[in-house]
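Trainee: Grab the two chains, each in its own frame, and use the hints to assemble them into the complex.
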Amino acid sequence: MTSDRLRLLLPMMSLAVLLGAVFYLQPRAMSYFGLNLLFNLAIPVALATIAQMMIIMVNDIDLSVGTFVSFCACVTATFVHDTPLLGYAILATAILAYAALGALIQLRGLPAIVVTLGMSFVWGGLAVLILPSPGGASPEWLKTLMGLKTPLIPIAVIAPLVIALVVHLLIKRSWVGVILQGVGGNERAMERAGWSVVRLRAAAYGLAGLFGVLAGMCLVGLTTAADANIALRYTLLSIAGVILGGGEFVGGRISPFGAVIGALTLTLAASFLSFLRLSPDWQIGAQGAILILVLAVRLLFLRKEAAA
Amino acid sequence: MTDKTVLTQARPNPARTVLQKPWLWAYLAATLTFAATSMIAGSDAGSLFYAALTFASFSAIVGIGQMLVITLGPGNIDLSIPATMTLAATLALKFMDTQTALILPGLLVAIGVGIGCGLVNFILILLLRIPPIIATLSASFLYQSLAIWSNRGLRIKPPESLAEFATGGALGIPNVALAGIILATGAWVLLERSIAGRWISAIGQNLRAARLSGVPVNAVRFGIYVNSAVCAALTGFLLASFSGGANLNMGTEYMLMSIAVVVIGGSSIGGGNSNVPGIWGAALFMFLIVSMLNSYGLGAGIRLILTGLVIVGVVTLASRKGYDA
Chain A
1 MTSDRLRLLL PMMSLAVLLG AVFYLQPRAM SYFGLNLLFN LAIPVALATI
51 AQMMIIMVND IDLSVGTFVS FCACVTATFV HDTPLLGYAI LATAILAYAA
101 LGALIQLRGL PAIVVTLGMS FVWGGLAVLI LPSPGGASPE WLKTLMGLKT
151 PLIPIAVIAP LVIALVVHLL IKRSWVGVIL QGVGGNERAM ERAGWSVVRL
201 RAAAYGLAGL FGVLAGMCLV GLTTAADANI ALRYTLLSIA GVILGGGEFV
251 GGRISPFGAV IGALTLTLAA SFLSFLRLSP DWQIGAQGAI LILVLAVRLL
301 FLRKEAAA
Chain B
309 MTDKTVLTQA RPNPARTVLQ KPWLWAYLAA TLTFAATSMI AGSDAGSLFY
359 AALTFASFSA IVGIGQMLVI TLGPGNIDLS IPATMTLAAT LALKFMDTQT
409 ALILPGLLVA IGVGIGCGLV NFILILLLRI PPIIATLSAS FLYQSLAIWS
459 NRGLRIKPPE SLAEFATGGA LGIPNVALAG IILATGAWVL LERSIAGRWI
509 SAIGQNLRAA RLSGVPVNAV RFGIYVNSAV CAALTGFLLA SFSGGANLNM
559 GTEYMLMSIA VVVIGGSSIG GGNSNVPGIW GAALFMFLIV SMLNSYGLGA
609 GIRLILTGLV IVGVVTLASR KGYDA
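Residue numbers (the working numbering), protein chains in the order written: chain A, 1 to 308; chain B, 309 to 633.
Hint data in this document are derived by calculation from the structure and do not stem from the laboratory. None of the values given here were measured: they were computed from a predicted structure. Glycine included, each C-beta is placed from N, C-alpha and C at the ideal position. There could be a bad hint or two in this list.
[Claimed, not checked] Computed far set for chain A versus chain B, every beta-carbon distance over 12 Å: (1) M12; (2) E140; (3) S174.
[Said to hold, decoys possible] To give a feel for the contact side, a few chain A residues facing chain B, derived at Cβ under 8 Å: (4) V115; (5) L126; (6) L129.
Isolated chain B (complex conformation) (with noise of 0.2 Å):
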């Protein structure tokens, strides 16, 4: 599996990474569509700025936790996200049951539900040997089944602070984009500059190389599907108590979304390359693309449309590699 990509695809030459930046682009096409939103649509900039700030954060922190896992490399990816998000967020809104008091320990349900649904999917990964798709597929089946029958259709209220902490902000940036940046700073120093960031490139880029050289393959992976369950639990957690509520379908765009940042921030989906910066760069993106279409008053089907193609788009020209491998 490994010996296959690393023959298929061509590794961009060193040189030419350091010069173009991979994340530079994702951040170009965000500041293009910001302007295009708040100068052609004549939207106030301060508030899309914030709220763009706001939706992306979401979009970031699961991004971060997918990127982690797609650096493994071929067929590592993290299905189960929007389902672990779901999860996490009913059964901490419902444990909280809108106490202010009970704020701290209805995080670490979240955080707790995160590990649970990441040990699941490794052991189901590692012990059944079943491909990491299929797996966390499957997997989130079981979850979003839990969500269902825990969640009874209600809507569940967040508690009031945790509400307006969620809705809130100081400086002038969003609380959620604090905790957003905060993650992606820490993910930044463990990529770039641990041992265990290392590791992670390594397997990426060669399994047996790594094993052979000592690398704690399992431990790493072990660590970072559940790192991406506990980001996705995060998210969910905040997205709830932001949006007023858990409900069923709050995950289901972060399926895509997920993805969709990895990428067009400049990882490379064969794994082994990733980088930190493009995640926020692209989850911005990811909204002003839609914001801008909302503002231009188009209905929902060609928003849809559009968004698809940009991503297409965007993909097709980020592509770093043409035919000639």
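Bound-form chain A, shown alone (with noise of 0.2 Å):
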């Protein structure tokens, strides 16, 4: 216990450092509508980050995220904003299709970075299919949604804590979660404890589809259309948004609350160079920058907690 936290103050304290920064450069930004500027499109990238985060926690990786969650986008501005119940059968055959994929992972022992590769491949063509150009429209309800004025706090801010808080009461405070952990820390022990690690998979991967879709349909409800490259970039960033928040490869240690965090300290990097007025040229450079400082960090972290 006292280790996981140990792993969770590491990535706040690189938000709270770069969020302090951002301050600095730019203290209009410490405002209700400064705050919903910084962290607009967090929500998206947060939900997408859970959603790698359920794979990692199986210790295996999903690199067709990113297409997935434009996938998804592009049926919401479409399916769901003209037809529906149609809208939202495809997405549940989608959640369905990831959750296949868990359990022919498995089955056949096949290596998941090729298969999910191959996926974002099926994933992209199927978004360039519905939407062959920019367009579509949200559906009136999630516009609302996303442009909800909360009190005191934005919903940017509010709306990732609660992803998070829901997450980690499913991962860290239920059966399901330990099980599904189990699997990462150890898939034979749960073998032999009777659990079909077929279905624990299916499961895994049927719940990063689930977060999968509401990524896709929160960004459509922030950006209020659509194309077919729209989230491309959450492969990477939501691979570096669990490392970031605490998260190993192996062995299921992944942390919910970290992992948002991680989405959100990513998401920060990005405006970060805006109010250093640096060329954007140089804001991916800056995510980059930012992984390797904080996993740096976390080393010295880790070697005295070794040595004490």
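Mentor: Here is the structure:
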């Protein structure tokens, strides 16, 4: 438990430092409106990061998160807007497809990294078929939900924290979560204990699909339109977010709060540069640099922990 | 980490691997798609073969680099290949500034960029103990920014004679394919006929055992990561010369390509067991499948979907182990 807390401390500190730097550079950002603007796109990024976390939890990695979220956004902006029933049916099928992939990967012992890389083509192709050129429209209720004026603290800050809390309760505080983490910790032991690892992996992938769908829907609610490439960057952002938040690639060691904070940090890193008045050329580079920096600091932390 | 893999992954039984060379499947699939494209769609077989060799060589060269990295064992993968390609191509072409006299120094610039990127990757992995996926990923963000900054959205042209070399050929084989075949032969000799090759496989099979038996683990890993980046840089250089200039998206598709050719080519994604011929077979197959779908006149969306399904399908069929571990 204490080591879990320690793991969470670092991402929180890096977010705080970055936020402090932004406020120092631009004091006007320290307001309801400013915060909303800073974390504007944090909700879909946080959801996509949670999706990735579900996969990393079972020792796999998903390289199709970005195209999958784009696909879901395209479905939301077209089918869900025009013919809601069909739209939700498509999204539900997509979640089932994700679960089926998890089962396939387990059944045949496939490398998840390659399967999801292949699937990224499939989702990308479907997205292009649905929306060959940018367009579509957001369902009204989504637009209203995303534009909600919550009192005191803007929704862009509240929503990710609520998401983290819900996932935390599901993964860290319920039997379902314990078993799913067990798959990442020791697959064999879970199997010997009588669990069907095929079903468990399918469940983890299904959860990832669900959060991917939610990410796509929220993204459309924010941008009010979609295109086939809208979320391609999410694949890398989500992996980085999970690791930044204290997750590990093996052993089922993940933290929902950490992942969401990691996502917030990366979102903030992008806007940080514009406050520094640096060229946007360096935006991606800054995300990379922050990632390296945090991981370097984490190494120092863990060494101290090991020494103590 | 390594102990677990040894447990969960059933090693293919040696007698079976001799009988069924894993790379045979890649060539079989490539031949089938070649036949399907040239006969049913009626395109000219000769020019199709030439084009396949040309484009496959780009995937093959990055694939060789990626394969050696993947051989090092679970968790080892180079995600910085696309960014390295773009950065090397951009800086080299900018340096040459379309002057023929600067071609050789330009090539050295590209290779130098490759060595630099490989060094940065390895420093992050070794000194900061960052998992390779995240290390190469975050480093690739830096390379990408560097490339964007130095490129400024312009399309930098290669010197004319270099472009001629990259698009030309000798004895009916494209020059770039010759380069790819020479590199593949080199990689085969390294992996199958040299001590270093044994070391690479040994590390992939069991890192701790390799270290205890005196394999210079870090030196080997260093060499492999630098090699992967140099392969990527070289591909970027050739691809930019071939396609008339460097642009910022030139590397994008090679992220998938480099991993796909390794796996379809029959190497174990868990590391420790790789084969070089499969890389070329898989690279040819990956190009031919796209050109087959193209020649049937399918739209971009369908083409993407089918390519993806083929990759998933091939990996599923090629998986040599069922769920009996």
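Trainee: For each hint, tell me whether it holds in the structure or not.
Mentor: For each hint, the structure was consulted:
no. : hint : verdict
1   : M12  : holds (19 Å)
2   : E140 : holds (28 Å)
3   : S174 : holds (26 Å)
4   : V115 : holds (6 Å)
5   : L126 : holds (6 Å)
6   : L129 : holds (4 Å)
Checked against the numbered hints above, the structure breaks none of them.
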